[in-house]
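Can you build the whole structure from these sequences, using the hints too?
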Amino acid sequence: MSSIKMRATLGENGVTTVKVLISHPMDTGLVKDKNTGKFIPAHFIQEVVCEHNGTRLLTAEWGTAISKNPYLSFRFKGGKAGDAIKLNWVDNLGNSDSGEVAIQ
Amino acid sequence: MTSMKRRTFLKGSLATGAIGIAVGAGLITPRMVLAAWPKAAFDSKSVDGAIDSLFGKSTLTGSDKIKIKAPDIAENGAVVPISIETDIDGVESISLIAENNATPLTSSFVLGKGTLAYIATRIKMGKTGNVIAVVKAGNKLYSASKEVKVTIGGCGG
Numbered sequence: 001m002s003s004i005k006m007r008a009t010l011g012e013n014g015v016t017t018v019k020v021l022i023s024h025p026m027d028t029g030l031v032k033d034k035n036t037g038k039f040i041p042a043h044f045i046q047e048v049v050c051e052h053n054g055t056r057l058l059t060a061e062w063g064t065a066i067s068k069n070p071y072l073s074f075r076f077k078g079g080k081a082g083d084a085i086k087l088n089w090v091d092n093l094g095n096s097d098s099g100e101v102a103i104q
Numbered sequence: 001m002t003s004m005k006r007r008t009f010l011k012g013s014l015a016t017g018a019i020g021i022a023v024g025a026g027l028i029t030p031r032m033v034l035a036a037w038p039k040a041a042f043d044s045k046s047v048d049g050a051i052d053s054l055f056g057k058s059t060l061t062g063s064d065k066i067k068i069k070a071p072d073i074a075e076n077g078a079v080v081p082i083s084i085e086t087d088i089d090g091v092e093s094i095s096l097i098a099e100n101n102a103t104p105l106t107s108s109f110v111l112g113k114g115t116l117a118y119i120a121t122r123i124k125m126g127k128t129g130n131v132i133a134v135v136k137a138g139n140k141l142y143s144a145s146k147e148v149k150v151t152i153g154g155c156g157g
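These protein sequence lines map, in sequence, to chains D and A. Be aware that the first sequence starts at 1, since it is given in my numbering, and climbs by one per residue. Be aware that the second sequence starts at 1, since it is given in my numbering, and climbs by one per residue.
Hints listed in this document are in silico derivations from the structure and should not be mistaken for laboratory results. Hints should not be assumed to be uniformly reliable.
What the hints assert, rightly or not - Computed spacing ranges between beta-carbons, pair by pair:
| hint | chain 1 | residue 1 | chain 2 | residue 2 | range |
| --- | --- | --- | --- | --- | --- |
| 1 | A | 149 | D | 31 | 18 to 26 Å |
| 2 | D | 83 | A | 152 | 37 to 45 Å |
| 3 | D | 7 | A | 113 | 17 to 25 Å |
| 4 | D | 11 | A | 58 | 30 to 38 Å |
| 5 | A | 45 | D | 41 | 18 to 26 Å |
| 6 | A | 48 | D | 73 | 24 to 32 Å |
| 7 | A | 149 | D | 2 | 33 to 41 Å |
| 8 | A | 75 | D | 40 | 17 to 25 Å |
| 9 | D | 71 | A | 48 | 25 to 33 Å |
| 10 | A | 45 | D | 13 | 37 to 45 Å |
| 11 | D | 68 | A | 67 | 23 to 31 Å |
| 12 | D | 15 | A | 40 | 29 to 37 Å |
| 13 | A | 140 | D | 36 | 47 to 55 Å |
Virtual Cβ for every residue (Gly too), placed ideally from N, Cα, C.
Quick look at the structure:
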């Protein structure tokens, strides 16, 4: 099960809107575990990269202040229906995941 | 304590190993792997410090061409929807700062050539304060801000 839910929609104005939801705890490292009383270590996505036909559309650098299960949306010109949009994320513990979706 | 450290180390090396294999198998290209996450900027406890660390300067030009969409009152500081849009030409990056967070820099978005100057995301806010958008275009920094009142903070417990 991929952690990435993504949708890319081509509008009539030639602008593609990409919307992304990622499942991730985005722990800040400042919250205490109620049962143990210890701080839950920071665990958050640091970088998200999005590409279209091998061209980079967006590089997002994130800190701990992005909400849990992050949402991201952006727009670009030059996409065609059926083109693949690729997304990859890496977190501070070295975990990563990637996803792909076709423009609708 | 030592065993805790060892555990973290083992975890870390395992995860790196998995990435290494993925790179080797051509699943992800090396340049898609974490390049230069600006740690100092994210760790900075002041707005100026974060901007200075990120851009090498902190001179901002106020701009009414930057539109920040954010709630006036956020009941839950853990999830504050923000969108930033600007019609400034040649935007290279958009950075999003929550003034009164312990570490104010929340995120920074570097835009590709065909990418429009629009970003929407959700951030955590510790308490009431300004949300500042810093837009880099043509070696200049433009900014705008909007106050968001936070009822319940969302950064810690």
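Going down the list of hints, with the structure as the test:
For the pair residue 149 (chain A) and residue 31 (chain D), the beta carbons lie near 22 Å from each other, so the given range of 18 to 26 Å is met. Hint check: residue 83 (chain D) to residue 152 (chain A), Cβ distance near 42 Å, so the stated range 37 to 45 Å holds. Judged by the Cβ atoms, the range 17 to 25 Å given for residue 7 (chain D) and residue 113 (chain A) holds: they are separated by roughly 22 Å. Remark: the range hint 30 to 38 Å for residue 11 (chain D) to residue 58 (chain A) is upheld by a beta-carbon distance near 37 Å.
Evaluation of the 18 to 26 Å hint for residue 45 (chain A) and residue 41 (chain D) yields a pass: the beta carbon distance comes to about 20 Å. Between residue 48 (chain A) and residue 73 (chain D) the beta carbon distance is about 29 Å. The supplied range of 24 to 32 Å therefore holds. Look at residue 149 (chain A) against residue 2 (chain D): about 37 Å separates their beta carbons, and that is inside 33 to 41 Å. A C-beta distance of roughly 23 Å is found between residue 75 (chain A) and residue 40 (chain D), which places it inside the suggested range of 17 to 25 Å.
At about 28 Å, the beta-carbon gap between residue 71 (chain D) and residue 48 (chain A) stays in the expected band of 25 to 33 Å. Our hint of 37 to 45 Å for residue 45 (chain A) and residue 13 (chain D) holds, since their Cβ atoms are close to 42 Å apart. Our hint of 23 to 31 Å for residue 68 (chain D) and residue 67 (chain A) holds, since their Cβ atoms are close to 26 Å apart. Take residue 15 (chain D) and residue 40 (chain A): their Cβ atoms lie about 35 Å apart, and the range 29 to 37 Å holds.
For residue 140 (chain A) and residue 36 (chain D), the hinted distance range of 47 to 55 Å is satisfied, since their beta carbons lie about 49 Å from each other.
Every hint, counting from the list given before, is met by this structure.
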